[in-house]
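> Following the hints, position chain S against chain Z.
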Amino acid sequence: MPQLSRRKLLAASVPAIGGAAAALHSAIPHTHPWEHEALAAEPAHGHASHAGSSHASFRDGRTVDHRANGFEPHEVLRDFDWGTTTRLAGGRLLREWELVAVDKEIEVAPGVKFAAWTYNGRIPGPTLRCREGDRLRITFVNGSAHPHTIHFHGIHPSAMDGVPGLGAGAIAPGSRTVYEFDAQPAGLHLYHCHVRPLAEHIAKGLYGAFIVDPADGREEADELVMVMNGFDTNFDRANEVYAANTIGFAYMDEPIVAKRDALVRVYLVNVLEYDLINSFHLHGNLFHYFPTGTSAQPSEFTDTVMLCQGQRGILEWRFPQAGRFMFHAHQSEFTELGWQGFFEVVD
Amino acid sequence: MEGRVATGQDVDSNARERLPSWLLGVVPLLLIVAAIGAFAALGAPGLAERHGPPAEELAIEKTVLRPGTIELTLRNDGPDAVAVAQAQVNDAFVQFSGAEQPIGRLGTATVQLAQPWIEGEAYDIALITSSGGTIEHSIAAAVLTPSADLSFFGLMALLGVYIGVIPIALGMLWLPWIRRIPPVWLRAVMALTVGLLAFLAIDATLEGIELAGEGSQAFGGTALVLLGAAVAFLVLTGVSGLLERRRRAARAAGASGAELALLVAAGIGLHNLGEGVAIGSAYSAGALALGAFLVVGFALHNTTEGLAIVAPIAHLRPTPARLALLGTIAGAPAVLGAWIGAAAFNTSLAAFLFGFGAGAIVQVIVQLAPTLRDDEGRTLHPVAVSGLLAGMALMFATGLLVTV
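Each protein sequence line maps, in turn, to chains Z and S.
Basically this note's numbering = 1-based index in the first sequence + 248.
Basically this note's numbering = 1-based index in the second sequence + 138.
Chain Z on its own, in the form it takes in the complex (with noise of 0.2 Å):
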C-alpha cells in the first residue's frame, strides 16, 4: 500500500519538479539560492509534493532561515576551500587558511534554536581541499567564549595535532595558533575540536571535511560533499535530528540535481555523536566505495555504506537513467529525523 502511494506521488510531482530543477542547475554551484528569488519559493514547492505523511517531514511550510544561519546545505554540498596559495623556495605549493571559532546561534530544524559552535559560522566547517604535498598552514582564531583545538586526521607531527598538552595545546578563548604540516597522506580526511569533553565539542558543531587530492589528481567529476551530522537539542546524549550538512530533508525538499551519465563523486564523512554508527543507502544504483579515499582501487561495489565516528569515504557512480534517486542512512530513525534527501538526475 505505500510503496503504491509512493509511486502514485512521485508520477504526479516528476513534472513539476523536473521543471523547476533545471532552473536550479545552472544556479546552484557558487551561489546562494536566496539570492534568487524563484529559488526562494521552492522548497514549499518541495514541501507540498511530500506532505501528507507519505515521508517524514518537518513541519509543513516552515523551513529553516539558510540565511540567519549564514549557510545553505545546497551551497555547502560543493563549496570547496583551496585556502590562499603562496610558491614557498623550492616550488612548494603553501595554502593557508583562517579558520575561527565562533559560538552561533543556529536553526537546525524549522522553528528549533541550538546553541551551536562553529568554526567560520558554519556547519560543517570549510571544507579544506588540498594537494598531496602541499604545504598547509591553518591560523586558528578561537573567538568562542570557551577553549578549542584544530585536531586534523592525517599525518603530521605530533605538536601540530590540535590536542590539549601537546604542542600548543587548548587554545583558550582570544587566542591564536598555527597549525603547519604537509598535505599526507591523499584521501579524504576530517578535522575536528579535541577538547574535553569531547562528545560535546564535536555535538555542537566544530569539525568538518579536509580533502588532499592525489598528486595526479582524480578524474573530473560533479563532486559533493556530504558530513553525516545530528544534534542534540535537549542535551540528553541523544540526537533529536539528522541530516547530511546540518538541516535535515534539506536534500528532500530541494533535491540536489545530478546529470545523467555523468560521474557523480560524493566525499561522505562521518561525525555523527553519541550514536554508534551511521551509514548511507543509494536508490536504484550502486555505487563505487573507495575507503577513506587512500586508494585508488574500490574496496566494494555496493548501495550501503555503514561508517562509524570519524569514519568516511569516498563514493562514485553514474546515473544511467533520469528521474529522482532517494538517498539516506539506512538506520530508518535518522532517516525519518531528517537524514534523507532525493537526487533529480535531468539529462
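The set of hints was computed from the structure by calculation and includes no laboratory data.
A quick note: this is a predicted structure, and the numbers were derived from the prediction, not measured.
Glycine included, each C-beta is placed from N, C-alpha and C at the ideal position.
Accuracy of the hints is not assured; some may be wrong.
[Said to hold, decoys possible] Okay, the calculated beta carbon distance ranges per label pair:
1. Z:R485 x S:P254: 28 to 34 Å
2. Z:T540 x S:S276: 39 to 45 Å
3. Z:G465 x S:G190: 49 to 55 Å
4. S:L244 x Z:R310: 25 to 31 Å
5. S:A193 x Z:R326: 38 to 44 Å
6. Z:A316 x S:A279: 38 to 44 Å
7. Z:E581 x S:A193: 27 to 33 Å
8. S:A279 x Z:G571: 40 to 46 Å
9. Z:A407 x S:L244: 58 to 64 Å
10. S:T360 x Z:E581: 36 to 42 Å
11. Z:E581 x S:G376: 58 to 64 Å
12. Z:H531 x S:T360: 36 to 42 Å
13. Z:A316 x S:P254: 30 to 36 Å
Then chain S, alone, in the frame of chain Z:
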C-alpha cells in the same frame, strides 16, 4: 499626650474619626495596586533578567486518537511561554497542525499529529520546542477514542446505572432487616457503615493524589485534592449546621436520622461521581475492559453503600419515594461522572472531585459518629470497633475485584 497644646490636632483627630470605615479599607488596597503597577511599569527595578534559559513545561491534559491522527491537548504549566516547533512520533518527524502561536502561561493548545497508528501498539511522542527542548508523552497502547455521540453517552449512562444506581438500590433492601434488629446490632451496622465510609475516604484521597500527580501541576496538583476535601467538609458542615438550627426552631425532634441518611447519600454520591469520572476516562483511554467481572465487582463494592444509607433511618418509616430519592442522590452521580470522565476528562478537575468526595465522606463520618455510642456513652466500644473493622475489610475485599 501631655504636650498636646495645638487645637488643630483635635480637629484633625476628629476628622480622622469621621472618615468612613469603607474608605479606610479601600485606601490600602489602592496603594497596593498602585505599588504593584509602578513596580511592573518600571520593569522590576533592581532585579536582573531571568538567569538561565527559559523553563519550558507543557502538561498533556488529554489524548484523543482518531484514525490516522493523534490529538494532544497541551497546557503550559511552566513560567514561560512555550513554542512547539516540531513533533516526533516514535523517533520520526511527523506533520501536525495546531499550536501555531507560542502557548502562554496556563494557556492551552491542541495539536493534531498525522500518524498512521496501529491498535494496541505503543507510541512515544516528543514535541520539540523552539529552544530544542522536548516535551514527551507516551501512549502505552493505542486505541480509538470513542466519539462522544449519543450511543456513547448511552453506554456510559448504562455503566453508571450498573455500578452506581442498581447496587445501591439493592443494598437499601436491607432496610426491613435493620428495623428488626436490637439496638446493639444496629450500632454494629452503623459502625460497619462508618468503616465502609472510612475506606472510601482513604481510597478517594489516594486516587485523587495519584491523578493529581499525572496531569498539569499549574492548578496545584496534589493540593487540589486536599483543597477539595476541605471545601466539601466545610460546606457540608455549614449546611448541616443550618439544618440543625431550623430543626430546633421547628422542635421537630427525631428528624436527625433522615438528615443523616441524606448526608450519607450525598457523601456517597460525591464519591461515586469521582468513581464515575475514573471509569469514564479509563474507558475512553482504552485502559478499561468493560467486562461482566468489572461490573459485578463494582456492584458488590457499591451494594454496601446502600446499607450505609438506610442504617440511619432504621427507626423511621420513609416513603418509597424518599428511599428512591436517597438512592438516586447516592448512585446517579456515577452516571454523571462517567460522562464527565469520558467526554471532558481533566486530571485537575478529577483530582479536585476525588478530594471533594473524600471531604464529604469525612463530614458524614463526623455526623454518624454519635450514633455508635452505647448506653454508657462510649463510641469505640468492642461492637463498634468490630463493625468498623468489618466495614473496612468488606470494602477492601470487594475493592480487590476492581481496578480502574
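> Hints first: check each against the structure and report whether it holds.
Taking the hints in turn, this is what the structure says about them:
{"no.": "1", "hint": "Z:R485 x S:P254: 28 to 34 Å", "verdict": "holds (30 Å)"}
{"no.": "2", "hint": "Z:T540 x S:S276: 39 to 45 Å", "verdict": "holds (42 Å)"}
{"no.": "3", "hint": "Z:G465 x S:G190: 49 to 55 Å", "verdict": "holds (53 Å)"}
{"no.": "4", "hint": "S:L244 x Z:R310: 25 to 31 Å", "verdict": "holds (26 Å)"}
{"no.": "5", "hint": "S:A193 x Z:R326: 38 to 44 Å", "verdict": "holds (42 Å)"}
{"no.": "6", "hint": "Z:A316 x S:A279: 38 to 44 Å", "verdict": "holds (42 Å)"}
{"no.": "7", "hint": "Z:E581 x S:A193: 27 to 33 Å", "verdict": "holds (29 Å)"}
{"no.": "8", "hint": "S:A279 x Z:G571: 40 to 46 Å", "verdict": "holds (42 Å)"}
{"no.": "9", "hint": "Z:A407 x S:L244: 58 to 64 Å", "verdict": "holds (59 Å)"}
{"no.": "10", "hint": "S:T360 x Z:E581: 36 to 42 Å", "verdict": "holds (37 Å)"}
{"no.": "11", "hint": "Z:E581 x S:G376: 58 to 64 Å", "verdict": "holds (60 Å)"}
{"no.": "12", "hint": "Z:H531 x S:T360: 36 to 42 Å", "verdict": "violated (54 Å)"}
{"no.": "13", "hint": "Z:A316 x S:P254: 30 to 36 Å", "verdict": "holds (34 Å)"}
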